Every structure is written in C-alpha cells, then in structure tokens.
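J.: Position chains B, C and D against the provided structure of chain A, taking the given hints into account.
Protein chains in written order, with my numbering: chain A, 93 to 426; chain B, 93 to 426; chain C, 93 to 426; chain D, 93 to 426.
Hints listed in this document are in silico derivations from the structure and should not be mistaken for laboratory results.
None of the values given here were measured: they were computed from a predicted structure.
If a hint is listed, it holds; no wrong ones were tucked in.
Pairs involving identical chains hold if they fit within one copy or between any two copies, as the list cannot separate such chains.
Keeping only pairs whose Cα atoms sit at most 25 Å apart, straight-line, the calculated SDA-like set for lysine to any residue is:
1) Lys341 to Asp115
2) Lys341 to Ala102
3) Lys341 to Ala284
4) Lys341 to Ala117
5) Lys364 to Tyr396
6) Lys364 to Arg240
7) Lys341 to Glu116
8) Lys341 to Phe307
9) Lys364 to Gly401
10) Lys341 to Trp108
11) Lys341 to Arg412
12) Lys364 to Gly392
13) Lys341 to Gln112
Spelled out from the first residue to the last, the chains are:
There are 4 protein chains.
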Amino acid sequence: MQFLSDNAAAVHPAVWTAMQAADEADAPYDHDSLSRTLDAAFADLFGRDCAALWVASGTAANCLALATLVEPHGGVLCHEEAHIEMDEGGAPGFFLHGAKLMPLPGARGKITPEAIAARRAQVREGVHQVHPHAISITQASEVGCVYRPEEVAAIASAAQAGPGRRLGLHMDGARFANAVAFLGGAPGACLAGVDALSFGFIKNGAMSAEAIVLFDPAAADLARFRRKRAGHLQSKGRFLAAQILAMLKGDLWLANARAANAAAAELGAAAKDRLLHPVEANEVFIACTHDERQALRGAGFAFYDWGDGAARMVTAWDARAQHVAALARALAAL
Amino acid sequence: MQFLSDNAAAVHPAVWTAMQAADEADAPYDHDSLSRTLDAAFADLFGRDCAALWVASGTAANCLALATLVEPHGGVLCHEEAHIEMDEGGAPGFFLHGAKLMPLPGARGKITPEAIAARRAQVREGVHQVHPHAISITQASEVGCVYRPEEVAAIASAAQAGPGRRLGLHMDGARFANAVAFLGGAPGACLAGVDALSFGFIKNGAMSAEAIVLFDPAAADLARFRRKRAGHLQSKGRFLAAQILAMLKGDLWLANARAANAAAAELGAAAKDRLLHPVEANEVFIACTHDERQALRGAGFAFYDWGDGAARMVTAWDARAQHVAALARALAAL
Amino acid sequence: MQFLSDNAAAVHPAVWTAMQAADEADAPYDHDSLSRTLDAAFADLFGRDCAALWVASGTAANCLALATLVEPHGGVLCHEEAHIEMDEGGAPGFFLHGAKLMPLPGARGKITPEAIAARRAQVREGVHQVHPHAISITQASEVGCVYRPEEVAAIASAAQAGPGRRLGLHMDGARFANAVAFLGGAPGACLAGVDALSFGFIKNGAMSAEAIVLFDPAAADLARFRRKRAGHLQSKGRFLAAQILAMLKGDLWLANARAANAAAAELGAAAKDRLLHPVEANEVFIACTHDERQALRGAGFAFYDWGDGAARMVTAWDARAQHVAALARALAAL
Amino acid sequence: MQFLSDNAAAVHPAVWTAMQAADEADAPYDHDSLSRTLDAAFADLFGRDCAALWVASGTAANCLALATLVEPHGGVLCHEEAHIEMDEGGAPGFFLHGAKLMPLPGARGKITPEAIAARRAQVREGVHQVHPHAISITQASEVGCVYRPEEVAAIASAAQAGPGRRLGLHMDGARFANAVAFLGGAPGACLAGVDALSFGFIKNGAMSAEAIVLFDPAAADLARFRRKRAGHLQSKGRFLAAQILAMLKGDLWLANARAANAAAAELGAAAKDRLLHPVEANEVFIACTHDERQALRGAGFAFYDWGDGAARMVTAWDARAQHVAALARALAAL
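Isolated chain A, as found in the complex:
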C-alpha cells in the first residue's frame, strides 16, 4: 500500500486515450494541431491572455519559467524548503546561469511579505550583493499547505513594491490542482499578480507533461527559445499536448485532485492529534516514533520518514479506497 509519493502514480485512462488518438503523424515539435491550441486552452481556463508551453518535468517547468524573470546576476527569493532549493539538483543554477537562490524561513512551507521585506532590506545597495529579481512560491507548499488568494495577492504587492526593481512572481504549481481543489475550484483564484506558473499534471494523472503558463505574452518567445536550448522541445510534442488537453477536458485535473485531497483528508482526520501541518492538499505529515513507523511498515504501508520523529504520507489521484481506509484505521490505532 503505497503512500510514498504521487510522482510515480499511474496514468489516467483518459490521458492514455488522448495520447493514442494523437498517434497519427502530425507536424513535429510544437507545430502540431494539439500544441497550437494550448495557449487558448489555458486562456480559457484562466480567463486571461497567456501562453502555455509543455515540458516533461516540473524541474524544467520551474527553471524555464524563472528564466523569463531572472537575469544571470539576479536572485530568487523562495522558501528554504522549496523544491527549487532542495530537490532539483542545482537546476536553477544551471538554467539561470548562476543566479542565486535566496531562501527564506516561513511556517507551513509558505513565505510572507514580511519575510520578503526583511530579506530585501538586508541586501545592500550597489553591486556587491546579489539582488533579487523574482519571488517563487510553491502552491501547495512542500508541506501540503495552500496559499490563500489574499496571501498570494499580498506577496504580489510586495513583489511590485520597492526597494529596487519590480520582482517577478513565479508559482511552482507542481500540486496547483490540489491547491485549487482545496480553495474551491476557481482556477484563477490564487493567481493575481503571478507572472509565471508551473502547472503540474504529472503527479495528477498525466505521464510526462507539465505546462509553463506565462501571463506576460512577451515572455513566451523567450521561453520557447530557452526550451529548445535546454533540449526540452520534443519532436513528437503532440503527445505532451494531448496529455495536458486531456487533463483540462471536463476539468479532469480538478476531479483527480479532489480525489487525492479527499484521501489525504481521511488520513488527516484519523491522525488529527499527530498532525504537524493542516492537511489542505494531498500530503499528510504526522509525528510518529521510529517504532510506530516500523509497525506501520510491518502492516504493509510504504511512506517516507520525515526526519527523526515524523512521517510523510502522500495520496494520489488513484488512491485506492481500501488502502486509504486501512491506513486511516492504522493511524487512529497507533
């Protein structure tokens, strides 16, 4: 019974169907009939102009999005546990040509305007220190918590205020679907002031396609050149577009996220006295001893330790009801 991660879950049947429907040879790269509809599909979804590019990993999505906002001599303010800081093997340093990540503390894996202002205040004027060019926030956060629309808006205000240059605002939405599901399902609800979104589909039922959504159309041209330059412009791009379009169709992305969130909520309710963080998306962090973890593993549950006295369980779109129920019972019984 697998609760390790959502990142290796199965592919949704509707995605398979869409990929197979795309098999007929079409124009290569992103010139095919599917890829060419992506901009409009996301503009529709968000109710505003945007450009959308597929890529094959969240790391590529984050880094190519940031590359539209950050010059090589700049920096990126982000949470100290952010994926770009902790889990991308130095990819931001590569894609941004040596730009500096500037980690901030923050409860629930979230950063605040206050933390941003405090860090900016530490940067001396002049050229001796790296100045931030952008802010990156993770929605849902690395500990499964969700920025409320007003929190994002406040960060966007901080980004646009001084001192110094207007900062770009990037959202790492590897679990954007889970966040939107938690917030009630309005796709654009938490995007005010966001310049670039990494919209994750792979953890949520796709196979190998994430979307970079750029709300500044001028950035799209840059991102397209950089995608090719990074070897991320696949020649049979139609298969990536097909995945994304299948996920958007009939709001499958939301339905899948709701299923994952519901499973996590069930676990969270069962372990409510042990929760390290509120369960808002599809991740559950609980205090539990080494012996308790051993017992759970002995009972057939797979999950990650989270430091010495804690564990992380992650649910996916395809969580099996009986597995979830079994783990909930086991957690309640600890």
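T.: Leaving out everything else, chains B, C and D in the frame of chain A:
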C-alpha cells in the same frame, strides 16, 4: 504522402504495448525496475560494459553526452552541418557552459582525420584560443551517409593522438539504427573508440526516449547528475525505459530501420541520376528544379526544399509501400 | 628592435604621474573621486550622454559590453578573424553564458551590411537555430584597416533593420585611437549607431585600463553588476580611472596613436609593393618569404609570421625613430 | 582618520619602485621574465611545489581557485558570512557555472569539521540534491579571527574523509598575511591539506595583484585557461608580477601585516570590554551604541556600522600611529 521527416512518425505498436505494461506505479525517476535494466541491456547489445540513460530528446542526449567529455573552456570538433551546430538552438553552448563548436567541412556530411588534424594544427598553443576537447560525428550523417567502421576507427585514432590532450569521441546516433542496418546489422561494428553514443529511437518508432550510452562507466555518474540538473530526469521514467526496451527487444530497432532504409533505397533507385549523395540510410537528396518540386507537391508529396535546386525526402519506419512506390514513379518520370 | 605587438609597450610618463597622484587612499571600487568623473569625461569627448566603466583587459571590455546586448540564447555576428572569435580563449562563451559567435568573411578584416544580411537570411525562423542579437565590429580591424564613418553607419542601419529583432552594435576599439587618428581625429566620427564601445588604452600608453563606453545609459547598471560578478571591480579602482583620465587629458590618446600610425606609415611606404593590406593604423602586413623573414630577424627585428608567406609588424606609441627607420630601410632593400 | 577598510589603502613605495622597474617592454601576458618566476617564488616561500598566477582582484582569485576544485553541478561549503557568499556579487555562480554555495554557521566567522559533517549528512544520496565538491575557509575570517594550524588540518581531514567524494579545500586568504603574522610568521603553518590559496596582497600594500597559489600543479593548466577566459590575463602582466615579487621580497608582506595587526591590537586593548571578537588580525569589532558611533564620527573617525549596535574598525599597513592612538584613546573614553 509525407516525406518531410522521420521525427514525427507514429509510435510503433510494440512500444505502445510496453508503455501500457509499465503503467502500474513503480519507483520514481530511474529507480524503477525497467530503468535499472538499461545498462545491462545495452552491454548485452554491444558486448561491452556501458551505462545507459534515457532522455526525451536527441538534443538532450547529444549535449549531456558531450558534457561528459568537454570542459567549459574546451571545444568540440564537428561537421559544419552537424545537428549540434545547425539545429539545436544553441543547446551545446548551454549544456557545455559556453564551450565552442569548431565546425569542419567534409564531403557527405562526414569529417575525416585529415580535417581534424588540419583544424588542430591551427590552434595555437597556450590559452588564447579554445582547444578541442572532443570530436562529435553523426551516424548516419546529416545527408544520410554512413561512416564505415574503418572511418570511425581512423577518427578515434586521431582523437587519441596528439597534439595536446586526448579528445573524447561522441557519436550523434539520431539515425544510428539506419546506419547499423546499412552496415549489415552488427551493433558494435562502428563503435570502436567511441566514448559516448546518442542512440536515437524517436525517429525509429519510439515516442519520447533516446538513450545516452557511455562506454566509460565513470562518466555515467557525471551524466546522471547533469541529467537531473537539466530537468531531464522524469519522475515516471519507467515509460521511457519501456520504450527503449521495446525497441531493443527482438531487434525491433533494426527491423524498423531496415524498413525505412528500404523505402529510401527504392526512391534512390528511381532517382539515381539526380542523387546528390548516395542513399545509405533513410534520406534521399535529389537535384530538382523549382517547377519539378511544384509538380511533385501538386501530386500530393510533402518534402523539404534543400536550398534552391534540391529537395530532401525522408522515409520512416512506417513508410507506406504505396506512397513510396508512387513517389518512386513520380521521381522516375520527372 | 621590437615590432611584435603594441600590447606590451611601456607605460606613458603622464600615466605614471597620474597613477602616483592617485595614491592617497580614497573610496574603494569605483566610488573614488576619479572614477566618478569618467561618465562625464567621455560624454564630453563624444558630445553625447554615455556611461564609462574601467576594466583591466580588452577581453573583459569586449565581453562585458556584449553582455549588455546579447542574451544567453542569442548570437553575435562578427568577422571570422575578430579577436572575440580567435584570441579570447572562449571568453565570449563564458561572459555571454553560451551565446554563439557567428563569424562572417570580409575583406580587410571588415564586415559589410551585405555579409550581415546574407548570414541573417540563412537563419531559419523559429527556435531551432541561434538568432543574432548583436553585431561586433573591430576598429581598427585585425589587419589594421579602418571602418569609414559611412561604413559604420551602414552597418548600424543593417543592425536596426529586420528581419527579426533590432541588433545591438558593439565596436571592439582595442585600436580605436589609431582608427580615429587615421580618420582625422574627431572622436565621435565613426560611432553613429554604436551602442557599446570597448575603448582601448593599454596598447596606446596605459598600463591596465580599458574603458567600456555605453551609449545606452540603461545598460550601465547591467554592466556594473556584471563587472563585479566577473571579478573585474578592482578595489583600488582609482588607479584605473587615473590612467584613463591621463590618456584623455590633452588628447594624449590621439597623440600617441598618431605617433604609432606614423611609424607604421613609414614602414608601409618602404614596403609598398609587398603590402597585403593598406596601412591605415599601426599594423603592417607584408608578403615575404621565409628567407626574407630570416634575414630581417638576423638583422635584429622581432615580428610575427603571418602564415607561410607573410609577416606582421606592429608599431606602438613609443616606437623609436631609429628602429623604425632601420626597419624601413631593411624592408625597402629586401 | 580612516578605519573603513584596508582595501583602498595606499600602495607601498617598494611596490611602486618594482612596477617602474618593470616598465621596459617585455613579453606580453604572463610570458615576461617576472611572471615566469612566480611559481618558484611561492614554492620557495612555502617549501613545496606549487603554481602561482596573478589576478587583479580577490573575487577573481577566489573564483578561479574554486573553479579548479568544483564542477558546475557541485557545491561549496563555506561560512555563511564568507566573502564569496556575501560580497562577491554572485561571482561564484558565474565562475562555477551555477554551482551552489552551501553556507554554514560558525563562531568567529570560522567553520568546523562538525558543521561540515552535519551539513554533508543532510545531503541525500543521489542526484536530487547538490553535493559539495569543495570547502572554502577564510583566513583570517570575516570577523578578523584566525584558524589555528590544527583547525585547518582538522578541516582538511574532514574534506578528505567521506561520505562521498574527497572535497577540495580552498583558503580565501585576502588577509592571509595578517593571519600568518598572528600565527608567528611561518608561511606554510596553516596550509596543511589546502589545495588552493587566494593569497591577498592588495589590502596589504599592493595596487592590483593577488596570487592564486595551487598546490596541485595539474590544476594550474586549468586555472590558466580559465583566467584567460575570464578576461583576467592582462597583456602587461609584468606589472602584476612585479607587485607580488616586491611584496615577497624581504618578507614585506609580513612586515606590512604586522604593522596593521599591531594597530588593531592597540585599538582592541583600548576597547577590550566591548570586543565582539578577539582581535587577531587587523579588524576590530566592538559593541557600541548609535550615540557612541556618532560621537566617534564627530571626532573625525571613519568606520562602518556593523548592524545596529556595533562597529567595525579596520587597520591597514599604512595606519598612522597618531590616528591609531587617537582612536584608542577615544574608544577607551567611551
């Protein structure tokens, strides 16, 4: 009737089957049971130790392979029409951190030990000029011609001889299968002295998986770090491994390449008085006037102009016999 | 009798005096009272607004200037013999984060609007090829020839015309002084449409200071950050500013260049039947056999071979009249 | 009365003399007769083989030294207040092609084997996190404290022990002279296990020359290529070599450092109840209120605030006895 390129052809049914068989969630990234067999599968194929990594594009394969051979201050000797020089949007500059491509002329899209030696002789000693660190050859070449085993061996000797450092030898094998099919089917026949091979599958029946094959196992560790850092370590890597394994199984890669080559040969025979290059793989380059091209297009054939007085036709593994026959007739009748 | 290069010539006494006058401790970096006058000094000289930064080498000047005009995924059109292409050890690849140099042929070491247009026409639309972002011209050229004002203006027009983006225009002025001296001494005469100038002083009497002159003040901020980031912001920058100001004072830079040019002209006149290029600045290229070169060396003259059948002689600001006269005699007598 | 920094102090007369003696034209770059003696001069000083390269700034020295130890996908363990982390404008990100700085806490601006081990233990195996490739320590530290030989040796042991690869060890010796003076004057005393040293001269009486000293001769070739590529190979390099040789001659570097240290010690003794750190080199950090700082400035002393309740005074080789005595009196009287 499509003869534009092999890069957007359909996916072979066996590849689909293998991908679907891999749908069951497994360990993420390259920890799954399929990815873990790749090293052995290629070692089997080539009869020598090697490491094999999947990536999603030929550009990524070429550049990550070269990154194991070239330091940022070095250069890469390659044909002036090489894909890395002409068609990868500057990706080598990105992946190699500013290393320099050093283009060489050469008939048939191939370079020679003499051209290599001549170029090396131009590089002054000392630090004022970029020194080559590696050679990259394309098999089959950009104009569909094939390096014979002794030609590769001679280049490998040139790489290992001085002056200066031993050069690494990379083979861009986007159409390696077509080349091996032409050479008689012994996979290792043209690899003596090659350090790193980009083994292409996407043009030959796969969807989104190429292999980087490294004959120096010490380079594999480096390539794995760099792949992650470039956003090319997909979380559901099992689907890429499945594609490659399906292509290797029962030598599907060779069968597909033979089919594409046979179609090209049929076209080449029909247009034998117009051929600009011998037809050795799956590309046919012919002299033909603007009016002739118009006529062919009017008859329903799609292909690229190749400068002012020429055209390129490319066949793929799924070339339809009646389309090929029709084009052959049309070419013969020009 | 040294005619190898002007790059290691002695330092002019006025430069020594100015450096020593700057010895008193002052604010560090470029906050000292001398560095702060540079912008105004060059604005005065050129009669237009500009920003000026000192750096310690022509390579740094060229590459930092180009970094204000070229994004990492772009390219630089330049002559195939340009210093940035041939003699800077790959520095452009480093400073421009992998941007591509795009060499052009051209008589007299100069490029033309026609060559620029022809090269741009070869770049396919889309992301598969590197597009130029800037043009770099060398004044005087690598073979000692000078762009006339109307030639620069025509290139600037080409830079601003399409297809595609407006290109930046950089002038590598390692021997800008010699070019201006040849053109009659009006400093801004050949700068119409130039965005960034590397103004060389080191070959012309300074010790270790070149100026980057940026005619787009917005670029100055970028260049200042990049200079620091490249380790080129010296803490005792006042000594570099002092050198440059001493060279500007009373047009010492022009007087020195005229002296060097006059010496070269004397040599050129003596060897007029052997000249490979007109002698316009301070370099003389002559056809001469191996035996003739041996004879000249036997007579005490040091210079470089220029391929098999030619030689290059360079004169500096401190050329000694009797050495020049002796070489002129020797050349005439060959 | 200037106690802001040692980085803009005057140039020592012996350095001026040596520079002027080098004025006669010589071979360019580092082929001149002075530059060619540097390796031997430092080998003599340290009693072991080494290579030595001049560069014009401490930032360049640090980053080029680190570039011999760190690959682009690696990291550098350093103190969280280290110059490379705080004050080099992102230069390490540039020179190391995006490698990651991994800051550590530590009393007195120094890091310990324990902190190194703790940080290494946090790095998960595999490619998802950046692994350190090198350690950089600052001698004397950013707060003027000195690593004892046994402290350096313990760090070197930590560098060579696992887990994972042997780490390179770099010493940022911008104030190496002050540290050696404090330790008793044996130049090699604190260098056991150090691979690369940035040996600072500019703060200590030179104008524009620091030395990169590499104890692995194989690294020298790499550093020479990278220096050129970074625009740091000056054409009149003889003037940098002259500065360094003048500083080494008769141990002028030690004499100057002793003078600066003595001045700082005098201040430290006067303010001994306010010291935030022991005064071991030429920097004095004292607790003092805003009003006290105002009073000192009113009395004519220039120095930096160090956060809200502290100040930093720095002494240089040319500290004037009466200024030092005056400040000592003022501090004692606070």
